[in-house]
Amino acid sequence: MIELDQVTKIFDDGTTAVDDVSFTVEQGELCVLLGPSGCGKTTTMKMINRLVPLSRGKILIDGKDILHFADTELRMQIGYAIQEIGLFPHMTVAENIEVVPELRGWPKAKRRERAARLLDMVKLTPDDFMDRYPKELSGGQRQRVGVARALGADPEYLLMDEPFGAIDPITRVDLQNEFLKIQQDIRKTIVFVTHDIYEAIKMGDKIALMNGGKLIQFDTPFNILFNPQNEFVSGFVGRDRALKGLQLIRAKEVMRKTVYMAQATETVEELKRRVGPEHEKDEIPVAREDGTFAGFVNLQEADSGRVSEHLKHARAVASMDTVLDEALSVMLSGERNILAMLDHDDCVQGVLTFSDIQRALSEADQSRGTL
Amino acid sequence: MKLKREAVLITFLVVLLGVTIWVTSLGKVGIYSTFTWEQIFYCSWSHLEMVVVAVLIGSVIGVPLGVLVTRPGLTRLAVPVIGGANIGQTIPSLAVIAIMAPILGFGFQSAIVALFIYGLLPIVRNSYTSIKNIDPAIIEAAKGMGMSRSQIARRIELPLARPVIMTGIRVSTVITVGTAELAVLVGGAGLGKITLTGVFARETLIILQGAAPTAAMAIILGFILEKVEDWMTPRGLKIER
Chain A
1 MIELDQVTKI
11 FDDGTTAVDD
21 VSFTVEQGEL
31 CVLLGPSGCG
41 KTTTMKMINR
51 LVPLSRGKIL
61 IDGKDILHFA
71 DTELRMQIGY
81 AIQEIGLFPH
91 MTVAENIEVV
101 PELRGWPKAK
111 RRERAARLLD
121 MVKLTPDDFM
131 DRYPKELSGG
141 QRQRVGVARA
151 LGADPEYLLM
161 DEPFGAIDPI
171 TRVDLQNEFL
181 KIQQDIRKTI
191 VFVTHDIYEA
201 IKMGDKIALM
211 NGGKLIQFDT
221 PFNILFNPQN
231 EFVSGFVGRD
241 RALKGLQLIR
251 AKEVMRKTVY
261 MAQATETVEE
271 LKRRVGPEHE
281 KDEIPVARED
291 GTFAGFVNLQ
301 EADSGRVSEH
311 LKHARAVASM
321 DTVLDEALSV
331 MLSGERNILA
341 MLDHDDCVQG
351 VLTFSDIQRA
361 LSEADQSRGT
371 L
Chain B
1 MKLKREAVLI
11 TFLVVLLGVT
21 IWVTSLGKVG
31 IYSTFTWEQI
41 FYCSWSHLEM
51 VVVAVLIGSV
61 IGVPLGVLVT
71 RPGLTRLAVP
81 VIGGANIGQT
91 IPSLAVIAIM
101 APILGFGFQS
111 AIVALFIYGL
121 LPIVRNSYTS
131 IKNIDPAIIE
141 AAKGMGMSRS
151 QIARRIELPL
161 ARPVIMTGIR
171 VSTVITVGTA
181 ELAVLVGGAG
191 LGKITLTGVF
201 ARETLIILQG
211 AAPTAAMAII
221 LGFILEKVED
231 WMTPRGLKIE
241 R
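Chains A and B are the protein sequences, given in the same order.
Quick note on numbering: the first sequence equals residues 1 to 371 in our numbering.
Quick note on numbering: the second sequence equals residues 1 to 241 in our numbering.
FYI, nobody ran anything at the bench for these hints, they're computed from the structure.
Remember, predicted model here, so these are calculated numbers, not experimental data.
Virtual Cβ for every residue (Gly too), placed ideally from N, Cα, C.
Treat the hints loosely; a few may be bogus.
To give an idea of the interface, some chain A residues facing chain B are shown, with a C-beta separation under 8 Å as derived from the structure [as the list claims (entries may be wrong)]:
hint, residue
1, F69
2, Y80
3, I82
4, I85
5, F88
6, P89
7, M91
8, T92
9, V99
10, V100
11, K135
12, E136
13, G139
14, N298
15, E301
In isolation and in its complexed conformation, chain A is listed as follows (with noise of 0.2 Å):
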């Protein structure tokens, strides 16, 4: 748990950079500060781990205050990754890695193998990466490698500076996928900096949203957006808070469980007599024999034969945990209004529908951050 009281920052110059900001991240869980250039989100994470020294209030890492620690002691215990990555150039990636560890005095072998470890999660197979120096890796690999190295002694604490800010769109997309899914894992407690609202949206468990060294609104990122507490926060969200909404939103949430299944091996006649006329005009979703996806049949184009001589957009599909705005793209390039949701093994739990996506952003903003 990190806790922030009452901190301020007023630099040398006489400066406010941080004026009296208090919130507190819960242990594991993932907080971002997010505000425009200026705001003081950097400062605010920096006093975290005395890079910039506070000038009044109190911050309480596990309880305890973080003056009682020596600075170097105090940051060995809080992984630290920043957009510029720093890696060291005259070190290869594993030495990089193991340098807290090293710090700690972590014998040799266990950093070694730690090192492996971090860059398997983060997608660098280690036999080929460990002994490579920065210079020979692409702007992608080394950010993976500082998040790794952040994450080298296996800290309790994450401090990210917009970790994924200097590479292009799609790395950035497949690097915060995979960040989320091994903070599944670890659960660290971080506190993760940016300035693009989608990823905060996106990554945070909470965001604190500043404006001029200010805290303006605490709050999940749900409620940041439909629930903004005053003008700067709906101007900052902006007009489009629906369509950012839909990165919220898993599938499965508003998927419909599927009534009417129909079976490959089946004929057609079979299958309209089960269902009835007044799903004639509908798409019915199909399945193999072992229960795995096969595609779509459409009652009002087949007549008779069997189901599996129908089988139409068997990639209509998404994976139950995509979020909205995922599976809404897989319709828009398809030109679907119906996906399949598969379970991790293939096998239809339901189907998500073009309606259902409107339906579950107007109950988003009717509920005003009830949910």
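Given chain A, work out where chain B should sit, using these hints.
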């Protein structure tokens, strides 16, 4: 590309040594005898001695000086130190050397002090910039990870700065080989003795007998120090992409 450069250097060396051998073998130029091999070796040796001593002193003083003024708290001194070293170099080398004689008397020590002052700038300046030019993100990352100031200096800054510092020492050495020609004016020795004799005698060939080995020495020392520099450069910095 690299091979080509080495080929040029070797060609120069062969020409310079060839000239030396040829003039020496003449024995006599006009009414003057040329210098003997023994004299050439003696002068080369004392020349080398002055260069090595001056550059060693320059490095022992210049490297720590250049590095120290990058430390927080001492940055105020950076401008006067770098500026001072700069001024040392703007004074003509002949003047620096000439000033030393009345102060320290004629002899080896005046020559050394003058050469040291004159060769200091590249060492101080490169040592300073070698630290200053390190990407601030690298230092911030090191700090944020919990390295102490001395750990950052030893494990990060110095390894990254080493090649640039060595370049400064190399440049200083090559300059000093040239400047040491003038040491003879304040009672030092060196190949300047031969060159100057040629100047007074107005015999180009005798001038060459001193100048050619000096140039050869500059090339050889420069080459050796380049290898040292390469050897001291961390592997991760040599990779090109």
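Results of checking the hints against the structure:
{"no.": "1", "hint": "F69", "result": "violated (10 Å)"}
{"no.": "2", "hint": "Y80", "result": "holds (4 Å)"}
{"no.": "3", "hint": "I82", "result": "holds (6 Å)"}
{"no.": "4", "hint": "I85", "result": "holds (7 Å)"}
{"no.": "5", "hint": "F88", "result": "holds (6 Å)"}
{"no.": "6", "hint": "P89", "result": "holds (5 Å)"}
{"no.": "7", "hint": "M91", "result": "holds (6 Å)"}
{"no.": "8", "hint": "T92", "result": "holds (7 Å)"}
{"no.": "9", "hint": "V99", "result": "holds (6 Å)"}
{"no.": "10", "hint": "V100", "result": "holds (5 Å)"}
{"no.": "11", "hint": "K135", "result": "holds (4 Å)"}
{"no.": "12", "hint": "E136", "result": "holds (6 Å)"}
{"no.": "13", "hint": "G139", "result": "violated (11 Å)"}
{"no.": "14", "hint": "N298", "result": "violated (54 Å)"}
{"no.": "15", "hint": "E301", "result": "violated (56 Å)"}
Violated hints for the displayed structure, listed by number in ascending order: 1, 13, 14 and 15.
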